[in-house]
Structures are given as C-alpha cells and as structure tokens.
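So the protein sequences, as listed, match chains A and B.
Residue 1 is where the first sequence starts when you use this note's numbering, and the numbers rise one by one after that.
Residue 1 is where the second sequence starts when you use this note's numbering, and the numbers rise one by one after that.
If you are wondering where the hints come from, they were derived from the structure by calculation, not from laboratory data.
The structure presented is a predicted model; accordingly, all values stated were derived computationally and were not measured.
Beta carbons are placed, not taken as given, at the ideal position from N, Cα and C, and that holds for glycine.
All the given hints hold, so there is nothing to weed out.
Residues from chain A that face chain B, not an exhaustive set, calculated with beta carbons under 8 Å: (1) P111; (2) S349; (3) P350; (4) N351; (5) R352; (6) A358; (7) G359.
Here are the simulated lysine-lysine pairs, DSSO-like style, with alpha carbons at most 27 Å apart: (8) K211/A - K158/A; (9) K107/A - K158/A; (10) K106/A - K211/A; (11) K106/A - K31/B; (12) K211/A - K107/A; (13) K107/A - K31/B.
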Amino acid sequence: MSLTADEFVEHYDFTNPEFSKLAPGVIFEVYRRLRERASVVACESGFGTQVGSDVQDGQGMWHVLGYEDVYDVLQDAERFSSQCFSVGGLVGSLLALDPPEQNRDKKFITPYFAPGRMRDLADSARLATDDAIDTFIEQGEGDLAAVAWRMPGEILFKELLGFPAEDVEMCLQTMHPELFGGEARSLVFKEGEDIQNFQAELDAYCEEMLKARAEDPSDDENNVFDHLLNTRIGDDAFPFDRIVANATLLISAGLETTSNALTNAFVWLGNHPEQQAQLRENPEMIPTAVEEFVRFSGSVHGLSRLLTQDTEVSGCPMKAGDIVVPNYAAANRDPAEFENPDECIIDRSPNRHLGFGAGYHRCVGSNLARMEMRVALEQVLTRLPDYRLAEDCTPHHNMATTPGYAHVPVVFTQGKRLSAGSST
Amino acid sequence: MRLSVESSSCQGHNRCTSDFPELFDVDEELKAVVVNEVVPSDLEAAARTAVRNCPERAIHIES
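All chains, full assembly: derive it from the sequences and hints.
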C-alpha cells in the first residue's frame, strides 16, 4: 500500500519501507512539515533502523530534524553513544565506537584519506572516469551510471583498500539488489529475528580477503588494510575482527553514497541546462557546486545513537536506552541555517551542511568523495558538451540513504574516445 | 584580524585547508592550523567564509 506525505506527517514511521519509496521532493516535504511542528519527532515503530542497530520492543526512537539540535547531538558522544550495534558486521568499526577508543582506532585510518593523498589519486579517478565515458562517447548516447556506479568503487577498492576492482559489482549486488532490478534489502530487524542483511555477506567477503592478506602480508603499506595488519597497539596486533569490521564499514559507506550523490548531480544538471553550461564554462565553480549537491541530495538520512541517560532535546523528553537518530538530510534543509533550503543553488556560500556529518563520526571518506565528484563532473562536462536526459529518470529506493538513480540515460553530441583500448 | 583554529574541536574535515590554503594548513594529526595568525586585509572575506563553513565551528576570528 503506498502512503502519502500526509500520512507520514501524521504517523512518521521511517522504518516503513514505503517511506523510502516516496519521491525525494516528497521526503523532504515530510521533513519540512514535521520540523515546522518540532525539531524532534517520535518514530512510530520502535524497531531497528538502518545499519543493523539492535533495538528492543518498546524502546523509543526519535529523529532529530532541526540543524542546531542535530549539531548538538553529534558533538555529545557521552549522552549519544554509538555503541548501539550489538550485532552485525559493523561492531568494532569506527562507526560503532565511542571516544577514546574511536579516536585511537581512527588515527590509523584517516591518513589514507588525507586531502593531499586524495589530490594524488585524482589522476586515477580521471582515467577511470574517461574509460567509462569512452564506452559510449562515440554513440552520442549513453548511461552516466557507467561513471557514477563504477569509478568511486574502482578507486576505493584499488587505491584505498587494496581489493580487486572486479569485486565492486558483486558487493553492489549484495548490498543493493534494487540497483539491478531487485527489491531493496530490509534494514529493519525485530527482536528474535535472524539478522539476514547485507552486512553478514559483506563481512564474510571482507574476512576472507583479509585472512588471505594476513597470511601473505605486504610491507608496502599503500592501502589501509596492509597498514592495519602490520599495526601494533603496544604489544598487541590491531584486533583482526576490528580490521574486518572497518573493511565492511568502508565498503558499506564508500560505494553507494558517492555514487548516489553523483547520479543526483548528473540528473539535476541534466534538468538545468543553464547551470550545466555555467559549470562547463567555469570549472573552478565545481567544488562549490559539489558541496551544494551533497547538501541538497542528502545522501545519508541519519545514523543511530543510543541514549545513555534520561535527557531532553529541544524540550522533548527522552529515556536512557532510547534510539536517537540525528537526521542529516532533514537538517540540511533547515531554513534556520540555509536560505531557500529547498533550492539547489550551485554557488551557495557559505554552506555549512552536515552531509558528511560532524563531530567524532564525521565521514572519514569525505575528501575522497569530494575529489571523485569534482573529477567526474569535470570530465563529464568537458567531454559531453551539451548532455540532456534521454528520458525521465526514476529514483531507486533504499532505506538508509536518500534516493539516487540506478541509471542516468543521456544524449549528447558525440565525441572521440581518448584511449584505443576497450573497457568492459 | 587574528585567526585561530581550536584544535580540540577540529575534526579534520579540511574544508578550510582545501578552500583557503593561503590561510590554513594541515598538521601531522590532519587537523587544520593557521598559516599566519594575522590575516592580510585582502583575505579577510575569505577568513569569514572559512569560519562560517566549518561544521565544527572550530575557527575563530578576533578583530
């Protein structure tokens, strides 16, 4: 049964699969109408939310929609703990730890995502993007999904994880059957149910890859996992199960989010030829536009926190043990922070969005995502001098992230391949 | 105008260092540090934008 915005405003149930099937504009309309009533909204269902938090029957669940309140929640790891995942492949990962442990583990990982390193990877990203464009540039028509759903994965796997790029598609199929015409995996768990979710399969894949790597370790620490496998904390090795959990995390977080945001940018620019031309003529504007695309498209709705004490947020009383979700996508449309929040303004400045979060759990891969989006937009705009959408694009549906597009069919004035070889 | 970054609040987003490398640099902990405490007058507008863009509100200006 498909529900309307009105029905979700009256009975907000984020965990209802029908919610993620609303069109993006309608989802943000629901957030706006709820936020106008109050910054904090109770979620109808007390069951688990995205990424496998283990929620008990009767537990309260709250979504925080107001920008200032989301900022406050994100800064306070003591009240709003991230240790709300007792099961699933993310236990022990950076996502699921609180300071000081989280800070300690993070120090081993963040150098691989440093801005300087990302600049060094831009050439690889550009080559991968050009290879994807080469597959259709001479036809005058193609699918920009070839860029959006391939390049980020290739760069992440090859350059950061040291995993084979051929495995990207399998991981995407495991996590997101909806991209391949199937039904999105449910991310909602009831107490007592077997947790069948993409993380178990992804976790098994990561464990297998890393066990093989651990048996034949490389001293050449070009990627995160060779580094972690060689790392010692005092006299002890960095715990193997945490290395696996962090691999699951980086794959879960690093494939879909950037790809979704890119498809949203491609579709929006396809629908706004003036701004497309403006960016093509002024490529120095692209980094600012990338920030706006991240704010506007929303990416991740929110990630759970577990309340460690009775408290209140914006006058709303909450109990220890409740789940609190800082909703970044909603906060990014808050008129208290952003003028004309529901307009995509590609030269918006300032733009203090929460698309990459804030606080201890700010997105470790944010600079990778920024670099990839900038390079992809530069190449698509340069090589497709005038692209238009070939047909109306239908967003695909997923609960954890705001809708993106599995396909972005476009037409354009044909051009030449850059490389003689063929790409698969 | 004097510019500073509160290191304990900085989470290494690096928006400031990417947008305004003439004002901010990255330290060995991947946190932002100011290149120079005193901001030249032609960079004052940039400094204000950096303050306003920091998701952690870690950048401070003293006139």
